[in-house]
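Asker: For reference, the chains in residue letters:
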Amino acid sequence: MGYKDAFQFAQELPSSPVYKVKDVAKYVHERTVRRRIKKLTEIGLAQYKRGQFTVKKEVVAQPISVLEKLVPSFTAFMKARRFGKSYRLADINFMMKNLPENATITLDYSAQKMTNFQSAQDLYVYVDDVDETVQFLKNNNFREGTKGSVVILPRTGSFENLTERIFLDCIAKGGRSTMDAIAIQLKYGHEIITKARFTTEMLLKVQEDLPLESLH
Amino acid sequence: MNPYIEEAVLITRDLGDVTFVGAVAVFLHTGKSRESKDLDLVVAEQITRKRFLDLKYRFINENGKERIYTPRNYKIDVYDSRDLNEIPLDRIIETRVTITVNKKNTTVNTICLEGLIVVKYRAKRDQDLADLSLIAMYCFKKIDWKLLRTFTKDDVEFRQITETMKFYKENPR
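Just so you know, the protein sequences line up as chains Z and U, in that order.
Residues in the first sequence are numbered from 1 upward in steps of one, following our numbering.
Residues in the second sequence are numbered from 1 upward in steps of one, following our numbering.
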């Protein structure tokens, strides 16, 4: 995959919301640091701006075997396009009513439906033809930007085992979606092949907060 | 109305003087959030077990811990003595804000934006950083930096929080 060094670099960073290149470069050559960040940025695991960067630590903490399985999700997320019109629930309702043929919902809404653990925020939809869906949204006065709640993703990788795919997408997304992944693992463990790694703290938190009825 | 905010209104009606923290607070400030079915709240004085039971709240043992459930089946975590990530509860109550949640002028008390940022920054869990990113995206201009400084331990922590929020604002997650 060619990302192994970058993953290792990210895994060894101390816990911090934002890093400064010059601070990290005290231990590794600055040029190497920048190369590693660039690699991570390419697949959406890091964000860099003006000498500072963030890393999705919870995602890069996964074993290499899991990270390799996340590549289709990373690829799709990097090409994600976000749309909004009223910037309210109405946008999501509109998209739900007008889902393209073969569309697959993932992340927030699928995780909520599966586990009833967290409320959903954004509607992430895999589609066969991104351009066609984007044109449809634009024809209906949706605007592309960073704050909309409808996110269009190109169908990338396998969807044969949908539970596994949603699980992997949740891991790849990181943040609150990591808790969705844990909830899915707790409830649908028998359908998941990939053995992901989560912190005990997170596992306990989800176990405690997962509605009791959803485990039955 | 968002069901969690609706529940926050009902809890306020039941318990009186409460201040919401956690994911509900993030929603109240940003209008966005992903809440699990539990609500965190701060109270000035301990609420007795009897009062909870009289109000039809239930105490349930889960994994060796006693949990409180509202009559609507929402789990609540009540802070009445322990600090919240090193912020004293009386400070949270003193600086809280009251937010109108519907057209009937129903209000809910919540931790102020600045206190919430410091609580989330100190927690540093993945979900907290995601919440900080949401706050930076939707509320950056509303942050009172002078007030925020009063919640921090020192200039170093204040500077780190400032840099983090600026980075998140410029780089939505």
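Be aware that one or more of the hints could be misleading.
Stated by the list, open to error - One-sided and incomplete, this derived list gives chain U residues near chain Z with beta-carbon spacing under 10 Å:
#1 Asn63
#2 Asn73
#3 Glu86
#4 Asp90
#5 Lys124
#6 Leu134
#7 Glu163
#8 Lys166
#9 Arg173
As the list claims (entries may be wrong) - Subject to a maximum C-alpha distance of 27 Å in a straight line, what follows is the list of computed DSSO-like cross-link-like pairs (lysine-lysine):
#10 Z:Lys79 to U:Lys153
#11 Z:Lys57 to U:Lys153
#12 Z:Lys85 to U:Lys153
What the hints assert, rightly or not - Derived CB-CB ranges, DEER-like:
#13 Z:Asp129 to U:Asp83: 49 to 55 Å
#14 U:Thr100 to Z:Lys147: 19 to 25 Å
#15 Z:Asp128 to U:Gln46: 38 to 44 Å
#16 U:Trp145 to Z:Asp5: 34 to 40 Å
#17 U:Arg51 to Z:Met78: 51 to 57 Å
#18 U:Ala44 to Z:Asp129: 43 to 49 Å
These aren't lab readings, by the way, just hints derived from the structure by calculation.
By construction, the Cβ of each residue, glycine as well, lies at the ideal position given by its N, Cα and C atoms.
Asker: Compare the structure with the hints numbered earlier in the document and write down the numbers of the violated ones, lowest to highest.
Answerer: Failing hints, ascending: 3, 4, 10, 12, 15, 18.
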